[in-house]
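Kindly generate the complete structure, drawing on both the sequences and the hints.
Spelled out, the chains give:
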Amino acid sequence: MKTLLEVKNVSKQFGNGTKALSNIDFTVKEGEFVSIIGPSGAGKSTLLRCINRMIDATSGEIIFDNDHVYKVNKRELKKVRRKIGMVFQHYNLVNRLSVIENALHGRLGYKSTLAGILGLYSEEEKLQAAKVLQILGLEDQIYKRSDQLSGGQKQRVGIARALIQNPKLLLCDEPIASLDPNSSKVIMDHLRNICSSMGITVVVNLHQVDVALKYSDRIIGVNGGKVVFNGTTQNITSNDIHQIYGSDEGKLIFDLGGSHAG
Amino acid sequence: MPADVFAKKRRNSLLLFLLIGAATAVSIIITEFSIAKGVSSVPKAIQWSLSNFYPTKDSLIKLPDILIKLKETLLISVAATTIAGILAFAFAILGSNTTRVNGFFGGFSRGIAVLFRNIDVSIWALVLLFSFGQSSLTGYFALFFGSFGFLTRAFIETIDEVSSSSVEALQTTGASYLTVISQSVIPSTIPQMISWVLFMIETNIRNATLVGLLTGSGIGFTFNLYYKNLSYDIASLVVITIIISIISIELISNYVRRVIL
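Heads up: the sequence lines are chains R and A, in that order.
The first sequence begins at 50 in this note's numbering and counts up one residue at a time.
The second sequence begins at -8 in this note's numbering and counts up one residue at a time.
These aren't lab readings, by the way, just hints derived from the structure by calculation.
Accuracy of the hints is not assured; some may be wrong.
[As the list claims (entries may be wrong)] Derived lysine to any residue pairs resembling SDA-like cross-links, with alpha carbons at most 25 Å apart:
no., chain 1, residue 1, chain 2, residue 2
1, R, LYS123, A, GLU159
2, A, LYS219, A, ILE234
3, R, LYS193, A, MET184
4, R, LYS127, A, ILE177
Here it is, written out as C-alpha cells:
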C-alpha cells in the first residue's frame, strides 16, 4: 500500500534547551490505524503537533501526501492542514455554539477569508454535516448548544468537525483520556470504523495499552523523545511494552492477547 | 515533626498580626490622628447632614437643569466606554498570547494597556484639562483612556482563558487568521466582554462625577457649583439623582448579564 506520511529524522528542542523529540523516524501507510504509546512527557503530543506544524520541529523532514510539510509556504500549509483532521483530549469546541456550527468549522479551511468570517456555508456542506453527525449518533443533538453535551458526545462532535474536512489523515491526541470506559469504547469504535470503512488513516496517542493493542494495526512506542518500538500489534511482546514504559517486568497493567502477561 | 509545623504557623500568624498592629500605631502617631475625636465627630456630621443636606421644595425648580446635566454625564460615560471597548478589543487580539500576530505587536499593545491602566482617571482629567480646557470633551477622553487600558487587560485575559483551545482546533482545519477570530474568539468571548463593558460603564458613571468636578463639566460641576454657593438643598438633590441613576444602571446591567451569560 501507498505511504501517506513519512516522518524523517524529526527533532524538537524547546527554547529552554529541553529536547522533546530526537531523531524520530517512521512511516504510516494509507488506511493504517497506528497508536503511539509511551509514558507521560515522552513527547507524544509534541510529535503529533509537529506533523501538522501546530508546533514547528527544530530539524527533520515530514512528507505528507507528497507535500514536504516543512518546505511549503503559509498558504500551502493551510491546504496541507485541511487534509489532516485533528481530535483533541479536551474536545476544543466553541462551547457557546451549536453542534452543527461546531461541526461546520471543519469546512473553514476551504473558504475564502470573507466567507469564513461571515460563516457562509453552502447547502451541501450543511447536509454533509448533518449526515456525518447522524453517522456518529448525534442526530438528536444537532441544534443543541455544545456545552449541554456529555463528554463522549462532545468528543463525537470533535470527530465530526475533523471528518467534515474530508481528511486523508486523522490525528487524535489522547481522544479518550477524559472519558469514562463506556464513552471511550464508543469513540474508539467510531475511530476504528472511520479507518476501516472510510479508508481514512488514523494516528492516535493513547495512554491505555489495552486499547492500543485492541484497536491498532501498528504500535509506535515513544520514550524520552525517541521511538523505542515500531511494529505490528501481533508482534509486540510483554517485554517490548515494559521497555516502552521503562519499567520492570510485572509493574504494568495490561492484557496481551487475552492472557495475563503483565 | 508535624507539631513543630503547627507551632511555626501559629508563630507566623502572631508575628504578622503584631506587625500590622505596629504599622497602624506608628501611622496614627505620625499623623496625630485621634480615634476618639474621629468617632465622636460622626454624630455631629450626621446631625449637620440631617439639618442642612436635604432637598427642599424650592430646590425642585432646579431639577430639570440637573437632569439635563445628568443625562449628558450618563451618555458621555456610555459613549466613552463602548468606543474604548471596541478599540480595546483590537488591542486585546494583538496582545493575547492565543491570537497575537507576533511578539512585537504583542508586547506593544500590552505595554500601551499597562500605561493607560496605571494612570488614574483623575490624573487623565487634570492632564487633558490643559489640552481641551473646561469642556465635556475633556471628561470624555479622561474616561475613555482609563476604560481603554482596563478593558484591554480584561479582554486579553478573557481571550486567553476562554478561547485558546478552540483557536487551536480551528487553526488545524486550515482556517485563515481572521476566520479563526470571527468563528472562535468572538463567539466564545463576547458574553464576558459585554459583561466587562457593563462593569466599566457602572464604574465610569461613578467616576464621571469626580471627573466632571475636576474638568468643570457635567453633573460633577453642577454639584460643585451649588455646594460652593452653600445651596446645600440643591446639592443634596444632585447627589440623590446620581445615586438613583447609579442604582438603576446597576440593576439593568445585572439583568443583561443574567440573560447573556
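Structure-based check of each hint:
Between LYS123/R and GLU159/A the alpha-carbon distance is near 16 Å, which keeps this suggested pair within the 25 Å criterion. The straight-line distance between the Cα atoms of LYS219/A and ILE234/A is roughly 20 Å, inside the 25 Å bound, and the hint therefore holds. Restraint check for LYS193/R and MET184/A: satisfied, since their Cα atoms lie roughly 23 Å apart, inside the 25 Å limit. Our distance criterion of 25 Å between C-alpha atoms is met by LYS127/R and ILE177/A, whose separation comes to about 21 Å.
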